[in-house]
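With chain A fixed as given, assemble chain B onto it according to the hints.
Going down the list, the protein sequences come from chains A and B. Read in order, the letters of the first sequence correspond to residues 1 to 128 in our numbering. Read in order, the letters of the second sequence correspond to residues 1001 to 1111 in our numbering.
Bear in mind the hints are in silico, worked out from the structure with no lab data behind them. Note that the Cβ used here is the ideal one computed from N, Cα and C, for glycine as well. Some hints could be false.
Only part of the chain A face toward chain B is listed, based on derived beta-carbon distances under 10 angstroms [as the list claims (entries may be wrong)]:
#1 Phe32
#2 Thr40
#3 Gly49
#4 Glu51
#5 Tyr64
#6 Asp67
#7 Glu94
#8 Ala102
#9 Ser110
#10 Phe114
#11 Ser117
#12 Trp118
#13 Gly119
#14 Gln120
#15 Leu123
Listed below are the residues making up each chain.
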Amino acid sequence: MHLLESGGGLERPGGSLRLSCAASAAPVGSGFAFSTFAMTWVRQAPGKGLEWVSGISHSGDSTYYTDSVKGRFTISRDNSKNTLYLQMNNLRAEDTALYYCAKSSGTLWSPYSFFDSWGQGTLVTVSS
Amino acid sequence: QSVLTQPPSVSGAPGQRVTISCSGTRSNIGAGYDVHWYQQLPGTAPKLLISSNINRPSGVPDRFSGSQSGTSASLAITGLQAEDEADYYCQSYDSSLSGSVFGGGTKLTVL
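So here's chain A without its partners, still in its complex pose (with noise of 0.2 angstroms):
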């Protein structure tokens, strides 16, 4: 599964940005079924390490965040598109980071899930 995101830039604290994610096959022609698989965001902040945000299962159903983000991020994805969604509100300065979604090892989310497809990250910005 190749997986793109977007949406990403500079934005003030306290503002909204909403990042996109597409899948599509890879290779081209393979067959993959996005709605099938439950989807992630991970986090890295400049030079620091990676950090697991928010999960959803294949259905949309259920959602996880990490407590720093909970109330202020909401993730969704519209299974018709192929698209992960990623909607941040009241952006503070310690969210700046690249953000990648990443490909769920099952169907729900679950306690054992590992992360086997990445994208290459769109970049946050939350500065004055």
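Same frame as chain A, now just chain B:
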């Protein structure tokens, strides 16, 4: 401060064997949740290296192996090559946080 603890750096000469540790607690690795490992080459996205403690995805050389015991896990790399120089991250699930967690990452330098 990451929930899973990794050494900031390790190094080894070409051909040598190195190990990277990932130390957790009873709410993550010690609770029986699987540990997964990722390799991040400079300037690129992470890549899955080991899943579910010991499994290598297709295409990952058998020089890479994982193990888990108690509240810790380890990644071993044998026959070090220059191309192995990268950051390595462990990942698991933490029941106290109700979410996935990563280690702080380990930078591998091939001397």
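Going down the list of hints, with the structure as the test:
no., hint, result
1, Phe32, "16 angstroms, violated"
2, Thr40, "7 angstroms, holds"
3, Gly49, "4 angstroms, holds"
4, Glu51, "6 angstroms, holds"
5, Tyr64, "6 angstroms, holds"
6, Asp67, "7 angstroms, holds"
7, Glu94, "14 angstroms, violated"
8, Ala102, "8 angstroms, holds"
9, Ser110, "8 angstroms, holds"
10, Phe114, "4 angstroms, holds"
11, Ser117, "8 angstroms, holds"
12, Trp118, "4 angstroms, holds"
13, Gly119, "7 angstroms, holds"
14, Gln120, "5 angstroms, holds"
15, Leu123, "13 angstroms, violated"
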